[in-house]
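Chains as they are written, first to last, in this note's numbering: chain H, 4 to 247; chain Z, 8 to 260.
Simulated from the structure, these hints should not be mistaken for lab results.
All values derive from a computational prediction rather than experimental measurement.
C-beta atoms are modelled at their ideal positions from N, C-alpha and C, and glycine is treated no differently.
Treat the hints with care, as some may be off.
Stated by the list, open to error - Ranges between beta-carbon positions, derived for each pair: (1) 138/H x 209/Z: 30 to 36 angstroms; (2) 125/Z x 229/H: 30 to 36 angstroms; (3) 200/Z x 112/H: 49 to 55 angstroms.
Claimed, not checked - So these bits of chain H aren't anywhere near chain Z, every CB distance computed over 10 angstroms: (4) 24; (5) 52; (6) 88; (7) 96; (8) 100; (9) 111; (10) 114; (11) 115; (12) 132; (13) 157; (14) 189; (15) 203; (16) 212; (17) 238.
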Amino acid sequence: MVTGLGEAKHLAKDSELPDPPKQDVLRVYGMKFSPFTHRLKLVLAAKGVEHETVNINLVSKPSWYLSKNHRGEVPVIEINGNIIRDSIVTSQYVDDAYTGDKLTTTDPMKKAKESVLLLDNEKTIRGFIEAAYHTPDKQARGLMIMKEGLEKIDDFLKSTGSYFICGDKPGLTDYMIWPHLERIRALWPICITQFLFVEAYSRRMLRDSVVKQCQLPNSMHRKFAADCRKKKVNYDMVEEIEES
Amino acid sequence: MAGMGNERHLETGSIEPPPPGKDVVRVYGMKFCPYVQRLKLVLAAKGVKHETININLVRKPEWYFTKNPKGLVPTLEINGIYIYESDITSAYIDAVYPGRKLMTEDPLKKAKEQMLLGDHAKTIAFYKYACSSDPEVRKQGSETAKLGLGALEKFLKQAKTAFVCGDQPGFTDYMMWPHIERLGVFLPDLIPTFELVKKYFDDMGLDSAVKACRFSNELLIEFFNFEESFRAGEKRRLYDCGEVVEYSFPTAK
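Whenever a hint applies, use it, and build me the whole structure from the sequences.
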């Protein structure tokens, strides 16, 4: 059973089109360090869905990949000749299509509030992307935007008083939000600790078996961000021994 | 009470309306807003009685920001709770109220509809361009809208159903309809070039929820012309186009 983020080599421009997956086999096209692929991987792990992974070199994309997703993005699910793209759409599909605990909140009011939070969280993501790709002296604006998003999560947890965004256990919205929190924790731990509820929430999430299954060491998150800044990404890097 | 609501658009300096009664659904909207129309279509399709308060989006009442911090429409108010965003409020209404479930349940179909909705965003872009006096910009808008319609044509061809959601209009149909309706008014030559989209356009026009929320082309054009003069720099913006309904409570100071 392939779990976690998948250790498959990232296929690049010179690669050949892989054979399609066998009947009823779910294949994920992803990238090991992508927070969006991470979302889907968390959901697959939470539902215990066996799947295969094909990793894509996003800097030097295989030409055949554009026939899977004309936007060239990851993650994408391929199953029985069907292509599904977008991290949220694919994650929702897995929760809907497979048996086991439903990760999606059913109470309409709670679900609506989680949807609003997910929208507000786009600031966290936008700010993160901006800050991560700049050198420390130019990160201020990105960090500011990112903190506005984190504050929304903090306010949400404070107002609901629940252990996780979805309630007593992590649910779909928790897994949609976690990948960026994991990266923020690695790059700027202070940004997490300054928000009391987000900090406590992060510690709880880090004890979740699903989160642990898909977690990357902080050092790898930091190295990947640094490599992106220098435009020298090595997708197939192995874990370096560094203080976490 | 179905329809977009002809209630007067409240503006800066107006008195804050009293809260709605217990369990009463209130929609804060704008008569001609396509995003509000999404919610209105769902309310009509589910037969949900509701009251409407319309908001002047250029001179927003100060009190409105306490309902929706972003000051956007639509916002739903029920028993002191506010929900906003067109898709979130629409999904909420579909989930809470009895009657036909508009949301597709089959996981694969649902995923495909969500991807289509993402592609549909290309028809929304035309708005920016259609009111330009520059023919080159209008042409660009038309080309962008064609991409969205092309995606819909492809979807309908593969699905082989009358509507996006199946044999009857569903959630995704209602999310897409307001912008497609406007395309039909402002770029009338575009839709007929797509065989299945043309049929879809005509079939949607027969749906009772669509009919309940639809204005005449003339009224939409009248509103849009005011919008165009607004963009050209004129200060006035006439939201209260056509019939106007007054509120039962005082609104002006």
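Open item on the list: Of the numbered hints stated earlier in the document, which are not met by this structure?
Closed with: 1, 3, 6, 7, 8, 9, 10 and 11
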